[in-house]
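K.L.:
Residue numbers for the sequence shown follow this note's numbering, beginning at 649 and rising by one.
No false leads were mixed into what you were given.
Under the rule of at most 20 Å between Cα atoms (straight-line distance), these lysine to any residue pairs were calculated in the SDA-like manner:
{"hint": "1", "residue 1": "Lys708", "residue 2": "Gly802"}
{"hint": "2", "residue 1": "Lys708", "residue 2": "Ser768"}
{"hint": "3", "residue 1": "Lys708", "residue 2": "Arg791"}
{"hint": "4", "residue 1": "Lys708", "residue 2": "Glu774"}
{"hint": "5", "residue 1": "Lys708", "residue 2": "Ala690"}
{"hint": "6", "residue 1": "Lys708", "residue 2": "Arg769"}
{"hint": "7", "residue 1": "Lys708", "residue 2": "His790"}
{"hint": "8", "residue 1": "Lys708", "residue 2": "Glu691"}
Hints were generated in silico from the structure; no laboratory data involved.
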Amino acid sequence: MARDLLRQADRIAVLTGAGISTASGIGDFRGPQGRWTLDPDAERVSTLSWYLRDPQVRAKAWRFRAESPVYDAEPNAAHRALVGLEHGARLTGLITQNTDGLHQLAGSNPELVIELHGNSRTWRCESCRATGPMTEMVHRVHRGETDPRCPFDGGIVRATTILFEENLNPAHIDAALAAVEEADVLLVIGTSLTVHPAAGLVPYAHRRGAAVIIVNGEPTDYDALARSVHREPIVEVVPALLS
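Construct the entire structure; sequences and hints are all you get.
P.N.:
Following this line, the structure appears as structure tokens:
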């Protein structure tokens, strides 16, 4: 059924979460082996007020980044399969909760990728707003710095991701809603659908008459709204559905 829905659809929106990147070696946050599950204090490094006021929290955040597999990760077959949806202008938007940038590395058009939670591959100074590639800062940590500062004004540096206590970019939310509004099918991949506003895109699509397809290793609260649900490995299912 899912292959037929995707093949017959004129316009398709995609929503991805951490599950699409686990086969690339990037663990999730909330799963049984997720960082926040194994280390309850880890949420502090993703909380804006803690990050700005506590050098030890920043040092822990930089250790996480220095040890992160993100910067060496490569897109997998599921990321690559989604690139094909751009042929014939069928893709209305690739909405992602991920910050790893793997969709762009796979070849997806950056103008179609809607990063709701930002991108961890760049840094930004909280003072002068300068930006640069995150690998610059990670290399400084590897050389012994515990809290690398902005090279221009010495300000606090952070990833260009959305932290707790911050609002999502309204333009990105509007773009995600517009992508769903234009779609005949919403393909949901690798997300537990517990984090809003991304989770709300599923009932929104359903109310507008779009067919929802969910590919995720675990059940979600919105499976009942889906026309088709798949539990098999994402790197196998997604290429098969889109072939």
